[in-house]
Amino acid sequence: MLQIRPIVTALRRHKAGTILIALQIALTLAIICNAFSIIQQRLAHLSQPSGIDEANIIVVQNEWAKPMSTQQVNAQVDTDLEALRHIAGVRDAAISNAYPLRGNGWDDRIMLKPDQLKPTTSTALFFSDERLLDTLGVHLIAGRNFLPGEIKAMDVRDELSPPSAIVTQALAMHLFPNGSALGKSIYFGDAHPVTIVGIVETLQPHSVDRWASGFASQTTILPCRLLSDWGNYYLIRTEPGQIDAVAAKVRQTLFAQDAIRVISDKDGIQEFPQIRKEAYERDRGMAVLMGIVCVVLLSITAAGIVGLTSFWVGQRRKQIGVRRALGARRSDILSYFLTENLLISGGGALVGIVFAMGLNLWLVTRFEMQRLSLAYVLIGVVMLLLLGQGSVLAPAMRASKVPPVEATRSI
Amino acid sequence: MFGYYLDLALRSLKRNRVLTALMVVAIALGIGASMTTLTVLHVLSGDPLPGSSTTLFNPRIDPFSMDGYEPDKPPPEQVTWTDGMNLLHAARADRQALMTGGAVPIQPTLSSLDPFYTDARYTTADFFSMFSVPFLYGRGWNASDDDGKARVVVISKLLNEKLFEGKDSTGQTLRMKDTSFQIVGVLGDWHVNPHFYDLNIGDYAEAEDVFMPLTTSRDMKLPLNGSTDCWGTGGDPEHAENTPCVWLQFWVQITDPAKVEAYKTYLTHYSQEQKTLGRFERPPNVALLNVMQWLDFKKVVPSDVRLQTWLALGFLLVCLVNTVGLMLAKFLRRSAELGVRRALGASRRDVFMQLLIEAGVIGLAGGVGGLLLAYTGLWLVRRQPSSYASLAHLDVTMLLFTFVLALISTICAGLLPAWRACQITPALQLKSQ
Numbered sequence: 004m005l006q007i008r009p010i011v012t013a014l015r016r017h018k019a020g021t022i023l024i025a026l027q028i029a030l031t032l033a034i035i036c037n038a039f040s041i042i043q044q045r046l047a048h049l050s051q052p053s054g055i056d057e058a059n060i061i062v063v064q065n066e067w068a069k070p071m072s073t074q075q076v077n078a079q080v081d082t083d084l085e086a087l088r089h090i091a092g093v094r095d096a097a098i099s100n101a102y103p104l105r106g107n108g109w110d111d112r113i114m115l116k117p118d119q120l121k122p123t124t125s126t127a128l129f130f131s132d133e134r135l136l137d138t139l140g141v142h143l144i145a146g147r148n149f150l151p152g153e154i155k156a157m158d159v160r161d162e163l164s165p166p167s168a169i170v171t172q173a174l175a176m177h178l179f180p181n182g183s184a185l186g187k188s189i190y191f192g193d194a195h196p197v198t199i200v201g202i203v204e205t206l207q208p209h210s211v212d213r214w215a216s217g218f219a220s221q222t223t224i225l226p227c228r229l230l231s232d233w234g235n236y237y238l239i240r241t242e243p244g245q246i247d248a249v250a251a252k253v254r255q256t257l258f259a260q261d262a263i264r265v266i267s268d269k270d271g272i273q274e275f276p277q278i279r280k281e282a283y284e285r286d287r288g289m290a291v292l293m294g295i296v297c298v299v300l301l302s303i304t305a306a307g308i309v310g311l312t313s314f315w316v317g318q319r320r321k322q323i324g325v326r327r328a329l330g331a332r333r334s335d336i337l338s339y340f341l342t343e344n345l346l347i348s349g350g351g352a353l354v355g356i357v358f359a360m361g362l363n364l365w366l367v368t369r370f371e372m373q374r375l376s377l378a379y380v381l382i383g384v385v386m387l388l389l390l391g392q393g394s395v396l397a398p399a400m401r402a403s404k405v406p407p408v409e410a411t412r413s414i
Numbered sequence: 002m003f004g005y006y007l008d009l010a011l012r013s014l015k016r017n018r019v020l021t022a023l024m025v026v027a028i029a030l031g032i033g034a035s036m037t038t039l040t041v042l043h044v045l046s047g048d049p050l051p052g053s054s055t056t057l058f059n060p061r062i063d064p065f066s067m068d069g070y071e072p073d074k075p076p077p078e079q080v081t082w083t084d085g086m087n088l089l090h091a092a093r094a095d096r097q098a099l100m101t102g103g104a105v106p107i108q109p110t111l112s113s114l115d116p117f118y119t120d121a122r123y124t125t126a127d128f129f130s131m132f133s134v135p136f137l138y139g140r141g142w143n144a145s146d147d148d149g150k151a152r153v154v155v156i157s158k159l160l161n162e163k164l165f166e167g168k169d170s171t172g173q174t175l176r177m178k179d180t181s182f183q184i185v186g187v188l189g190d191w192h193v194n195p196h197f198y199d200l201n202i203g204d205y206a207e208a209e210d211v212f213m214p215l216t217t218s219r220d221m222k223l224p225l226n227g228s229t230d231c232w233g234t235g236g237d238p239e240h241a242e243n244t245p246c247v248w249l250q251f252w253v254q255i256t257d258p259a260k261v262e263a264y265k266t267y268l269t270h271y272s273q274e275q276k277t278l279g280r281f282e283r284p285p286n287v288a289l290l291n292v293m294q295w296l297d298f299k300k301v302v303p304s305d306v307r308l309q310t311w312l313a314l315g316f317l318l319v320c321l322v323n324t325v326g327l328m329l330a331k332f333l334r335r336s337a338e339l340g341v342r343r344a345l346g347a348s349r350r351d352v353f354m355q356l357l358i359e360a361g362v363i364g365l366a367g368g369v370g371g372l373l374l375a376y377t378g379l380w381l382v383r384r385q386p387s388s389y390a391s392l393a394h395l396d397v398t399m400l401l402f403t404f405v406l407a408l409i410s411t412i413c414a415g416l417l418p419a420w421r422a423c424q425i426t427p428a429l430q431l432k433s434q
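Chain order of the listed sequences is Z and B.
Per my numbering: the first sequence = residues 4 to 414.
Per my numbering: the second sequence = residues 2 to 434.
Chain Z on its own, in the form it takes in the complex:
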């Protein structure tokens, strides 16, 4: 049934067209495979869990507008937090210097010994108190929360000397791969030991960008309120469904405590779902762009195949007529063009696999992309073969309708 040999012979007479279609398929395959890979990578990145109760968290950026001592700031923070906790619908509130996806913050090197020259790893540092875990809704999986007595008010100018720390599971595993991290000591660049008292499941650092990959998923919470006369963040966790109602009351509540402060109209009060959206906007944009590129590329390739095959059908009307007159059925003509396209697409796809791998290697070295998984190549090949068959169908149907009498006409 298959008539490969005459097809190949016929294709030899259309070298340029054949090579062009194959080349187009190869290039399209190379680009879409890598685009799939980029889409998958970006989607994986933006769906990483932050570990907090995102739907119900409000972040307030509170800035002081007058000179204040650390004691004054600490007292004002207590008053503010108490007032925030009394807003109807608020579950808890806490002070912090940072929160997941904030963009920037304090990250530091961690050593396992006081005199170690090369740090073991790095971590994001969140400065807060015993209310942070409940406020963010992170899960403590081992050890204990901070005790109220452990909390210190720390001026940004003071030396970093917390007695204890709570770390994420990822950081604990990195520091102590063979055994529990609980009760062990870590050092932040000086001889002061910090004891790990608790381990939380997940708490994303303040940044998930590439520059922060050295401490990805590795966060440490310290029992210190990091105070400055510049300002701080208040994190608020609301009861489910109350986020908008609470956010509307925050400004008024804080200004009622003390009016000499700045809460920006633009981003002073943000709801976490919005923060998440903005933090990953670039990743989402890139994924959408790649998606559009794939669709447009496939359409152009399909249009190109339709155009060129239609031309070939027009050129071969007489030959088709002769074949029909000699007894070929319509289905024979149809399968001729489908097989022809399959051969060209298959050849193009084979070259395309090589192109895709090459392009991927180059992207890996230049743009820190992941290696292309074979699954995407296979999906791409199948898609292009189906696309080829689909787009050749209409011209091939037209060809099969050429009447045998065509053979007797001169042109």
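It should be emphasised that the hints constitute simulated quantities derived from the structure, not laboratory data.
Keep in mind it's a predicted model, so treat the numbers as computed, not measured.
Each hint should be verified, as a subset may be incorrect.
Simulated restraints on C-beta separations [unchecked claim]:
{"id": "1", "chain 1": "Z", "residue 1": "325", "chain 2": "B", "residue 2": "369", "range": "25 to 33 Å"}
{"id": "2", "chain 1": "B", "residue 1": "258", "chain 2": "Z", "residue 2": "118", "range": "43 to 51 Å"}
{"id": "3", "chain 1": "B", "residue 1": "242", "chain 2": "Z", "residue 2": "258", "range": "33 to 41 Å"}
The beta carbon of each residue, even a glycine, is placed where N, CA and C say it ideally should be.
Given the structure of chain Z, go ahead and fit chain B onto it with the hints provided.
Same frame as chain Z, but now just chain B:
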């Protein structure tokens, strides 16, 4: 002849509208995508200070301790207070400025405005003349204001509009942290992209709103913005002058290219001297990059943008291959017509020219379509939240380049089909009629 070929081309294109439309749309998509990404790349990799950027240098030395020492590591990107002040006062370059970023709480006198924080730059006097900063009113301060920790500020045009409704505010006061500062200058329109002198603030951050002497900001203990990198035990911003931390940016202007090497030698000597004094532990490790070299070293252009540009060019390539195929089909279909022309005396060259002009017409149409798509694309880019979004505009160079790219690429795409069509033997075509 050109007019006649043009007429022939238009007729031929009209005869097969679907095929023509397909080619034009493919070219337009390829050109539109390429031009959108190339424009973004062009804007982002532009020169922030055309004309003077080659005379501005960022001197770097390595004051770190031996901890984590690697021989080939480049020196840190900022300087300590001590080194910054030493290099500033040595004044070995034509101009020099030591600076850092910060934020200041402004207490407006207008009762309708609440207090607010805004970005500030704490710098020394040469900043304005070095970076050719335009002034709307007044001028910068001088070195004696630096020494005297004078309470003077220069504000941006935007802040002047917000606080003083755009009137000449020099001589007026600006209140920050319960202290009055005298406004000595108001800047004109000043946009430096990228924000080369301090990339820690953001690669494409807007210029600051408030400028004041570095010494004044330290005296007032105003909050800092940016990156601080410490070694040993440090990290006390209150006494940042004495801590082992790099947190200041130092820039020099050297107008005579012959003196650049001499300045680099001076940096090496300085490092050597500091090592002898016991302040530095590492062997001298210096760098002196000018603005564009510095931006290149810092890889300021986002890698996503470069990736998108390559992708768009790949996309254009597929569109062109597609067009080559379609043009081949179109030209060969007209073998009979071309055969008649050849038989009537047109040379191969004539036929070749005729077909290339047809390709050019497609290119031009594709260019126009591509331009519209590029405008749409850039409009979409501007709606993105990235810091550089607002910069994405098509300038005249890129506009012309769009057409050149569209024309050249389609004519190249037309070469093979036109050449194939020229190979037709007229006799054979006439015979089969």
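Mind checking the hinted window 43 to 51 Å against the Cβ distance between residue 258 of chain B and residue 118 of chain Z?
-> holds, 48 Å
With respect to the beta-carbon atoms only, verify the hint that residue 325 of chain Z and residue 369 of chain B lie 25 to 33 Å apart.
-> violated, 45 Å
Is 33 to 41 Å right for how far apart the beta carbons of residue 242 of chain B and residue 258 of chain Z are?
-> Taking Cβ atoms as reference, residue 242 of chain B and residue 258 of chain Z lie about 37 Å apart, which means the hint holds.
Of the hints listed earlier, the one the structure fails to meet is number 1.
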